[in-house]
Amino acid sequence: MVRCRRTLLHRDAAGDARGRGVRHGARPGSRGRPDRRPSAGAEAAHDGGVLQSARHPGGASGVTSTVAVTGGSGFIGGRVIAALKREGHHVVDVGRRPGRGGADEHVHVDLAAGRARAPRLGDVPLVHCAAEVRDGFDRGMFDRNTRIMDSALALATGRVVHVSSSSVYDLARPSVHAHPGEATGHYRWFGTYGESKLANEGQLVAAGRASAVILRPHAVYGTGDTTLLPRVLRASRHGVLPLPLGGRAPHALTWVDNLAAAVLAALRADVDGTHAVNVTDDDPVPIGDALRAVVGRPLRVLHVPMRTARHVAAVTRGRSGISPYSVRQLGLERTYDVGPTAALLGWVPEPGTRARLTALGSVRRVTERLRPGST
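Using our numbering, the letters of the sequence shown correspond one by one to residues 77 to 451.
Mixed in with the good hints there might be a few duds.
Derived Cβ-Cβ restraints for the label pairs, each shown as a range [to be verified]:
id	residue 1	residue 2	range
1	Ala435	Pro374	15 to 25 angstroms
2	Gly315	Arg162	33 to 43 angstroms
3	Ala286	Val391	49 to 59 angstroms
4	Arg191	Arg383	39 to 49 angstroms
5	Arg324	Gly190	42 to 52 angstroms
6	Gly300	Asp348	27 to 37 angstroms
7	Arg313	Gly216	29 to 39 angstroms
8	Val439	Gly190	32 to 42 angstroms
9	Ala192	Arg313	43 to 53 angstroms
10	Arg313	Ala435	12 to 22 angstroms
11	Arg215	Pro427	39 to 49 angstroms
12	Pro381	Arg313	16 to 26 angstroms
Please keep in mind that the hints were generated in silico from the structure rather than gathered at the bench. Virtual Cβ for every residue (Gly too), placed ideally from N, Cα, C.
All chains should be modelled from the sequences, with the hints used to inform the complete structure.
The structure is reproduced here in structure tokens:
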């Protein structure tokens, strides 16, 4: 058996297909001179800037494998790193800032600077979580996200697990048990983020990797969330939130630990070619109930027509915390077919969405009471 070579580095370095070639759920047949800084307690060894991996993750032999992760400083990437560490993997965190979750080493690189500055990590699996996230239209963000993806693909030659988004689907209509094949891009975009994520998927397809999995979560939540929960709290601070259908639209949210488990399953699965699948909890809840649980206080979700809700969001955006894009995303049904995910990866989400949302609300209320100056 080949043993893993633990090469520990801290390095300073610096297409628009529409999903063609993606298999949708089918069962598979700082710039400058390098500065190497291993994590505390690790033994350093240099091998020409290449990380060597014994095998892909998932075996029971006890041999540690190396996995590279981008976006480890973020909410999702940090949880992915922690999950990989719990399984005994040697994790290389790649990005501008050191990641959460206790990676074995940090490789400092600005992925948005382009692939020429990306280090080459060799034949190791890559989990790509890095992306710029923002509502509205911003062509600069589109360009940066495509450069980030291009650089990420240059990092490693092994299997790729790409964390995409449900924003690749058509937001003009409800997503009702949406199948992965429905993300065609042949529709109007209501923000640059979703368009850039579908373009990233196209880049992965065009790269022609022997094995790649695209995961599409929806509204990822959990302790440590820095995006969804803060927006909800800002939008609901006056106790009233206008949404189409009065918040009755069912949503299949994604618990961050369910997503991390799906990443691990995607690294282990017997997969040939590139496949796109949905990753959500399997117990949808009305979005109004979800918001009330997280907020942890009385919240009136008023029914207003879509056009009115988007107008209100547009004129009060700086104060309300909810954007016209978010109104369209939250105001209509967003449920997704995860059957193909189970068939491809052997992954089944852990139930309990309502209980987890209620627990998040409880933790938030306790934290607020303990905050200095609170009453």
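Against which earlier hints does the structure fall short, listed by number upward?
none
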